[in-house]
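Trainee: Top line first, the protein sequences correspond to chains A and B. Going left to right, the first sequence walks through residues 1 to 258 as UniProt numbering numbers them. Going left to right, the second sequence walks through residues 1 to 258 as UniProt numbering numbers them.
A couple of the hints might just be wrong.
One copy or two, it doesn't matter: identical chains are merged, so the pair holds either way.
[Stated by the list, open to error] Capping the alpha-carbon separation at 25 Å, the derived lysine to any residue pairs in SDA-like fashion look like this:
#	residue 1	residue 2
1	K213	A228
2	K213	E126
3	K97	A80
4	K213	A114
Treat the hints as calculated values from the structure; they're not laboratory data.
2 protein chains.
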Amino acid sequence: MKLTEVQPTAEKPAVILVRPQLAENVGTTTRAMLNCGLTELRLVAPRENWLDERAIAASSGADALLRAARRFDTTAEAIADLHRVYATTGRNRFMVKPVVTPRQAAQELRGHIAEGLRCGVLFGPERTGLENDDVALADTVITVPLNPDYCSLNLAQSVLVIAYEWFQAGSPAEPKGMTKGATPVALKEDLVGVFEHLERELDDCGFFRVAEKRPVMVRNIRNMLGRADLTQQEVRTLHGIIHELVTWRGKKGEEQSS
Amino acid sequence: MKLTEVQPTAEKPAVILVRPQLAENVGTTTRAMLNCGLTELRLVAPRENWLDERAIAASSGADALLRAARRFDTTAEAIADLHRVYATTGRNRFMVKPVVTPRQAAQELRGHIAEGLRCGVLFGPERTGLENDDVALADTVITVPLNPDYCSLNLAQSVLVIAYEWFQAGSPAEPKGMTKGATPVALKEDLVGVFEHLERELDDCGFFRVAEKRPVMVRNIRNMLGRADLTQQEVRTLHGIIHELVTWRGKKGEEQSS
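For reference, chain A alone in the conformation it holds in the complex:
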């Protein structure tokens, strides 16, 4: 990727890892970031060297972000040049501060940046998360709605969720309409059953003349019939059609041999 793409830019929020413990997690974080087009990484007092081989390996090709990362001693220094800062927290800190979801945060970040405001998102250490003093420096808290019985995202997964929502907020997509069958929808085993019935008969009658073409021909047939969104009744009908064709072929054979 071009080096220009990893230079600090006011067009995207900065990802700020506060006191990350493991270099490997800094590497996987850059992988999550770059998948979603985020390129600016800031590190507050990282415990390990974010350019060591474990981090580079974990970045899986996104190491340009590691090399461009900037280190700061304190969270206050890391956010000094920003206008809007979000803090990600797993649990409620009981501070009087707005709390939003990642999706809402992504909308707000797009809005702030459209207004020319520079933004960043804080992520805490692996074990403990952000300290309250870090959260107090932020404008808004981001909490990811998760299974209340089991919330256990690792650092890179938390960054991925925020970065993913940021990227999606920039590419709104029209929801696709849902198809509905009037009669009961066929189970997959019914569908595979009629596929195999047809392919068996096509083998017998020598339809697949060129052996190496058989796999792609089978796939095309399955895709074609699969798109039909068959009902259970339609599957039965198909079995009948195949059976009739074969029987007719059998009769035809008799006629020819007679």
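On the provided structure of chain A, position chain B as indicated by the hints.
Mentor: Here is chain B on its own, set in the frame of chain A:
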């Protein structure tokens, strides 16, 4: 967690890993699933034992899903009892099949399940992704919109994105309105500057009598002022106010000493 929570249920889509290579990735997949309330895991011809110690460790407490996972020899068998199957692919397979985003898929899955249809999502092996024959068995393809210059989600990250969207689709949240400042918004360094100015003076005048209470009092003050969404002009005004109060205190001291 209760064992009942990890029993197969028609209320949630099943996650189907096709020929996963590493047991550790199966473990991290269950961690991603449970964070988003998904509990049914199906495995098609996994290369390694999904109950070995690496998988259990990687599941990070979600191992109940590993123990409840079911193994199948083929993809067709793994989806036999489902009505609607989605296939996740990184690249375009050029099959004539509907392609949706994870968000659209989540909406459709909620819709299908509301209609009483059983659903599942296919994920391919780490290196190669799903084979075209697997994709051909699915009704719809899911492709995650990502940075076109760098698409490199690992298996558990791909599952997390789909599971995350599934969970979010069940808990719609009202977008929070965006605040806008008429005058230029203060930079964080301006804000921290006035915080420190105030706290310095409060230390001098003995406002923080109980030392152990100082940190929380400082946080509360910072949160209070931080919520004010100060402009640069307001920050200058605050500095002036603090300065005036201190000068007055100094004068007062002189009067007392005189």
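Trainee: Taking 25 Å as the upper bound on the Cα-Cα distance, should K213 and A228 be classified as within, between, both, or neither?
Mentor: Close inside one copy (23 Å), not across copies (69 Å); limit 25 Å.
Trainee: Given identical chains, is K97 near A80, meaning Cα to Cα at most 25 Å, within a copy, between copies, both, or neither?
Mentor: within (20 Å within a copy, 49 Å between copies)
Trainee: Under a CA distance limit of 25 Å, which applies to K213 and E126: within one copy, between copies, both, or neither?
Mentor: neither (52 Å within a copy, 27 Å between copies)
Trainee: What label fits K213 with A114 when the C-alpha limit is 25 Å: within, between, both, or neither?
Mentor: Close neither inside one copy (53 Å) nor across copies (41 Å); limit 25 Å.
Comparing the model with each earlier hint shows violations of hints 2 and 4; every other hint is respected.
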